[in-house]
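Student: Residue strings, one per chain:
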Amino acid sequence: MENITKDILVLASGGDITSFEKIYREACGFVYNVALRITETKEDAEEITQDVFIKIYRNLKNFKFSSSFKTWVYRIAVNTALNHRKKELKQQEYRARLGHDCKTEITSCQSNDLEDKEESRHQADEFLAQLSADQRICVVLRNIEGLSYQEIADILKININTVRTRLKRAREKLLALKKEVIKE
Amino acid sequence: MNCKQVQKLILTDYLDEQLNSEQKREIEAHIAGCQQCHQFENAAKKFVVEPFKRLERAFPREEVWHKIKREIETEKQQLSVAGLIERIKGVFLLPRNVFALITVVVAIVTIFVMFVPLQRNNQEVLTVNTEKQVENLAFLADGIDYYSSETEDVSYGTTIEEYFL
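Sequence order for the protein chains is A and B. Its first residue numbered 1, the first sequence is counted upward by one per residue in UniProt numbering. Its first residue numbered 1, the second sequence is counted upward by one per residue in UniProt numbering.
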């Protein structure tokens, strides 16, 4: 992200596709990772990445250089991923109400989940799945993206102590789960 | 600082290295002398930090960029067509005040064009009429002079006419 200069941003906001591609190459990694950890499937993460960069392109003209571009992009990514997840959960609830029709859908969802879990070599995804959306975002931004508490607070527009509390509760939950696993 | 407070900090600022050096030293001193907090610290590092450290950063497929690029280019084309339409509209659709000014100017010019030749025609008609009126008045004046003059010497040729007049 440090390689994205003001000149590149200005050119991209004027519609220069080469400059915009530079921004994409620099930022697609973290946008995709945040989306992947929140939505859990590669297809959704790619769809969110696409949405996020279209939003960035459309709103680049309105970007105020007073704030950090990194924070701005993270905020768009987090909000888009959260909205996507909310829609997905609503659709799942709706399908569940539809009776036998949803059985095939649920089966396919479960198989997708299983495939994803098989692909995932680490416990992190399983742990993240146990957390609420708010806690999960804080953990992703801190543990995976390595952002400071202040940066997370700026992205989510919340108090720094709220960040601290969410991280603490998420980690307590993870430790409690681990204890259960060890006991079993 | 008691164990509860220390463990709370271990789960947040200590693990995330958000403490200043003095606070860090204080926590480390407590951990060094407390078996329970020492175990807690180890468990937290092992189960809360390590699993995420081992995660590899994933990247979207190249196809995602191509999709984004296509969408942007389509949007650009639509915008350029819309921009052209707007420009054409701009040529024909003037702002209200300019439109009002042009209307006033056109009205003044129309009035001027219509009124000035009419006024000239009226003057000609007036001049012609005045000349005729002068002739008529002269004729009437002659008539008056003629009838108001001495009539004693005038003979109408018949006696009966003389009687009536």
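One or more hints might be untrue.
Taking beta-carbon pairs under 10 Å as the criterion, some of the chain A residues facing chain B (in silico) [claimed, not checked]:
#1 1
#2 2
#3 4
#4 8
#5 10
#6 11
#7 20
#8 24
#9 32
#10 45
#11 57
#12 72
#13 76
#14 124
#15 127
#16 129
The set of hints was computed from the structure by calculation and includes no laboratory data. Predicted, not measured: the structure shown is a model, and the values here were computed from it. Every residue, glycine too, gets a C-beta built ideally from N, C-alpha and C.
Student: For the restraint on residue 124 (chain A), tell me whether the closest CB of chain B is nearer than 10 Å.
Tutor: 4 Å, holds
Student: How about residue 2 (chain A): closest beta carbon in chain B under 10 Å, or not?
Tutor: 16 Å, violated
Student: With 10 Å as the cut and Cβ atoms as the points, is residue 10 (chain A) at the interface with chain B?
Tutor: 17 Å, violated
Student: Per the CB criterion, is residue 32 (chain A) less than 10 Å away from chain B?
Tutor: 4 Å, holds
Student: Min Cβ distance, residue 11 (chain A) to chain B: is it shorter than 10 Å?
Tutor: Since chain B brings no Cβ nearer than about 14 Å to residue 11 (chain A), farther than 10 Å, the hint is violated.
Student: Tell me if the interface restraint on residue 45 (chain A) is satisfied: Cβ within less than 10 Å of some Cβ in chain B.
Tutor: 7 Å, holds
Student: Taking the closest Cβ pair, is residue 76 (chain A) under 10 Å from chain B?
Tutor: Result: violated, 14 Å to nearest chain B Cβ.
Student: Identify whether the interface hint at residue 8 (chain A) stands, where standing means a beta carbon of chain B within less than 10 Å of its own.
Tutor: 16 Å, violated
Student: Just to be careful: measuring from the Cβ of residue 24 (chain A) to every Cβ in chain B, is the smallest value less than 10 Å?
Tutor: 6 Å, holds
Student: Using 10 Å as the Cβ threshold, decide whether residue 4 (chain A) counts as touching chain B.
Tutor: 16 Å, violated
Student: With 10 Å as the cut and Cβ atoms as the points, is residue 72 (chain A) at the interface with chain B?
Tutor: 18 Å, violated
Student: Min Cβ distance, residue 1 (chain A) to chain B: is it shorter than 10 Å?
Tutor: Constraint on residue 1 (chain A) not satisfied, violated at 13 Å.
Consistency note: the structure conflicts with the earlier hints numbered 1, 2, 3, 4, 5, 6, 12, 13, 16.
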